[in-house]
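Participant: As a plain string of letters, each chain reads:
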Amino acid sequence: MYRWGMVIDLDKCTGCQACVIACRQENNVSFAGEKESKLGRAKFWMNLVSEVKGNYPDVEMRFIPIPCMHCDRPPCTIVCPVAATYKNPEGIVAQVYPRCIGVRMCISNCPYSVRYFNWYEPTWPEEYKKGFNPDVYQRRKGITEKCNFCIQRIRKAKEKAKREKRRIREGEVIPACVETCPSEAIYFGDLNDSKSQVSKLSKSRRAFRLLEEMGTEPKVYYLKEGEWNGG
Amino acid sequence: MGDSETIAQRHRQIFAPLTQMRWPFWATVIPLAILFSWSFFAFGWQYVWGLGVTGMGHPMSWAFYLVNFVFFIGISHAGTLISAILRITNAGWRTPITRAAEVVTVFALAAGPTNILFDLGRSIKFHWVAIHAQFRSPLLWDFTCIMTYFVTCVVFLYVLMIPDIALLRDHFPRRKWVYQLLSLEWRGTERQERILKKASTFLCIAVIPIAVSVHTVVSWVFGMQTQPMWHSTIFGPYFVAGAIYSGIAAIILVAAILRRVYHLEDYLHPIHFNNLGLLLLTMSLLWFYFTLAEYLTTFYGGGVDELAVFWSKMAGKYSPLFWLMVLFCFIIPFPILALKRTRTILGTSITSISVLIGMWLERYLIIIPTLSEPRLPYVRGAYMPSWVEWSMMAGLCAGFTLAIILFSKFFPVISIWETEKEEKKREIFQSESI
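So the protein lines, in turn, are chains B and A. Numbering follows the working numbering, with no gaps: position 105 of the first sequence is 105. So the working numbering is basically just the index in the second sequence, starting at one, shifted up by 1000.
In short, the hints are calculated from the structure, not lab data. Just so it is clear, CB atoms sit at the ideal spot from N, CA and C, and this is done for glycine as well. A couple of the hints might just be wrong.
Stated by the list, open to error - Capping the alpha-carbon separation at 25 Å, the derived lysine to any residue pairs in SDA-like fashion look like this:
(1) Lys1125(A) <-> Gly131(B)
(2) Lys53(B) <-> Val1304(A)
(3) Lys53(B) <-> Ala1315(A)
Said to hold, decoys possible - Rough simulated footprint, nothing fancy, chain A against chain B, three-plus residues with beta-carbon under 8 Å:
(4) 75 to 81
(5) 103 to 112
(6) 131 to 143
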């Protein structure tokens, strides 16, 4: 059994937001527009937050890409009254779009605030629609959506591996954000495979996870030199 | 039970609203009906365009509708509960207020969960909560408890109204077909009386744990979540106490209005408002105690995330609302209710309005500040309700009032048969003492 995980090296991240764009393109994430974004209607399956620490002249700016943490003990799945979200056997916290009725309790119970709601019928610029990814379900208004580690890519890779009667090889499947990252700051792979890069990096002395004290057991690890004193 | 004609004659003030429909009735009902219909338009608007027409966003994913949900469930709380407790303890003064209290419960209980329907992204799939039930979700516990409570309260109201319906059946030949059906062939025989007594005792005992469970579970919708200042063990009892507090206030207000409008001065005496005022006083102290306990513990324990929410309420952007809540929930009600001189009908009515506003603010302050300051410090939000949300709230209140008014036009708002019984008891007591 695979156990998918991600490692994000914050020392390498330049804050270029290529991961955000790639994710939007891959997963047909809709556009909210400037006005709606101010009301908190923008969707970022991969969200890059920046944080300014300290005052001039002692200033530090940090960038943190935040996808879904794919917790091993997800607080979001247990609260859904219709079981529209669940943790699949490979550890991915998945959303069943046709089942979702838009209660939004999963959103309020996610400590990482990485679940997004379709406040309106999704919209895109006209020319953008030619580039839709046909492998990704089209969400409608009134349902919740979230990062799923590009599950469509994992599915494809699994089918191929099954035909060739083997396991998925290291690096054979990577989400759009990992693929696009120019500074190669994001890693993806099987945490169950002790030889995989993610599994090695996750044990690095630089590794930490967000809100570790909550016991949600996220499968997204961050790497950072020195003390992490935020989040 | 005596001759129905003499009873009707003796209680003509209770019967009057059922027969008269003068201009004040229309002057109240028509604006309320317009407001109520307007909310249907607002809901249609929201249904077509999506929840984006509300003021909600990320991370403020729950707002006004949930506030009103908790508020109305709270209102629903005191009615049947108080009625049941007073019946079990045989408090004689309860008789003229129990019917009104039960009616408030039933309609508030219909109004509360309707908010969940408004709040859903896909309202049309609401029934999926029942057919695809996932029992680990606190919302499912909620759904189960509220439905049970609603059914019990409707049965409670109905069963204790059967003798009165039978009276109406004999008195209003033109509406006989409805009353005939509802009166279940009530003739006041000894056997029927015995069954009624058994049924009402059973319902009184059953409704108390159900009522407590309902608001506890409503609080768990928040308390079970990981958000700062929600995840707290005090939420269950705190919500129950708050619910009874706002519920009693609603009963006092409804009773005072009914007394004034329908001239029920012979039935509702200042002593009733005095007694209800004392109950309200107890609850106001309990409310203060719980609020102090919750906030002091949060402050002293000093978790970073909790304190962010705490300070936003105490001194931050929610502080005006917070201190208004303290004003309306405690500073205004407490002195008025504590002094016997001000614990009058007017005094308790003013207090009740104050408590209702204060408790609504409390629900608002439980939900909104927490969501605007989630644990991870990167997402922050602000919330301002849109015209749709205001319309839905106005429509809901209008519908609630309208339902009570219409009820009073078809059924007596004071239990006649129990009043009769009470009087008979008093007569026997007096003749014995002579």
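Participant: If you check each hint against the structure, which ones fail?
Facilitator: 1
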